[in-house]
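Colleague: Construct the complete structure from the given sequences, taking the supplied hints into account.
Chains as they are written, first to last, in the working numbering: chain A, 1 to 138; chain B, 1 to 116.
In case anyone wonders, no lab produced these hints; they're calculated from the structure.
One thing to keep in mind: the hints can contain errors.
[Unchecked claim] Per label pair, the in silico range of CB-to-CB distance:
(1) Pro89/B <-> Pro105/A: 45 to 53 Å
(2) Ala97/B <-> Gly119/A: 23 to 31 Å
(3) Met1/B <-> Asp78/A: 25 to 33 Å
(4) Ala29/B <-> Glu103/A: 23 to 31 Å
(5) Lys31/A <-> Trp15/B: 47 to 55 Å
(6) Ser101/B <-> Ala127/A: 25 to 33 Å
Heads up, the beta-carbon is just placed ideally off N, CA and C, and yes, glycines get one too.
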Amino acid sequence: MTATTAQNYTLVITGAPYSSQAPQTALLFAKAAVAAGHTVDRVFLYGDGVHLASSLSAPPSDETHWTDQWGNFLSDNDIPGVACIASALRRGLIDESEQKRYELPASNLREPFIIAGLGEWVEGTMASSRVLYFHAGD
Amino acid sequence: MSTLIVIDQPPYGAWAGREALDMAFSLAAFDQPVALLFTGAGVNWLRKSQETMGIEQKSVEKNLSAAPVFGVEAIYADATACALYGLVPDSMVAGVAIAESSAEVIRQHSHTAFAG
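Modeller: The structure is reproduced here in structure tokens:
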């Protein structure tokens, strides 16, 4: 395989923003990969990584808003962003249908992220030529 | 394609191991070949007769016992880590293969994943 072969990546982020660099490193990788002609099949948020999809994060204005950065990148490039439902429900990351199901007072999933099962990750491992994991590193 | 899910975190005091186990079960549920490798503090998952009432957590031993039912092909334990934590076959749950070389186990799989 030569360096110029186009890859199709699934990216898995397990580190949360503002407590790890995982979402930032993953975003820089994704931008570089797309710029180099590769594709990103999907981005899967797992474990603490689901915090990246919260529409309620409000960092100080002089800091990078990683949720918005990621959300815009996914929308601009038409890449699916999926938060694991088991990880999300445990950590208070809720879409409207889960809000109704569990009769919760609010939902907070930022578009275009969706909530779905680990089957999305399994599908990614089957559909992609590479699966990369971005962990908190602790 | 076969995937090796590596658990290197202790069963209690960290959550990533439980999420790694869910990844393994999920692959198996979709008929994808998967095996588990416990290494480092992760070998403590394999200790027999875990009693968790005092910490108000579910025992991981029960979760792990579902592995063959889901179709997880093998459970490996790193020999060096077992020695470090004083684990011998008699003190471990059934069905675990002791791996003298984790590197060799990793080589036998096309993908390797950690939960965190």
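Colleague: Evaluate each hint against the coordinates.
Modeller: Comparing the hints with the structure gives:
1. Pro89/B <-> Pro105/A: 45 to 53 Å: Hint holds: Cβ distance 51 Å, inside 45 to 53 Å.
2. Ala97/B <-> Gly119/A: 23 to 31 Å: Given a distance of about 28 Å, which is inside 23 to 31 Å, the answer is holds.
3. Met1/B <-> Asp78/A: 25 to 33 Å: Because 27 Å falls inside the window, the suggested range holds.
4. Ala29/B <-> Glu103/A: 23 to 31 Å: holds (29 Å)
5. Lys31/A <-> Trp15/B: 47 to 55 Å: Given about 30 Å between the Cβ atoms, the range is violated.
6. Ser101/B <-> Ala127/A: 25 to 33 Å: Roughly 32 Å apart at Cβ, these two residues keep to the hinted range, so it holds.
The structure fails to meet hint 5 from the earlier list, while all remaining hints are met.
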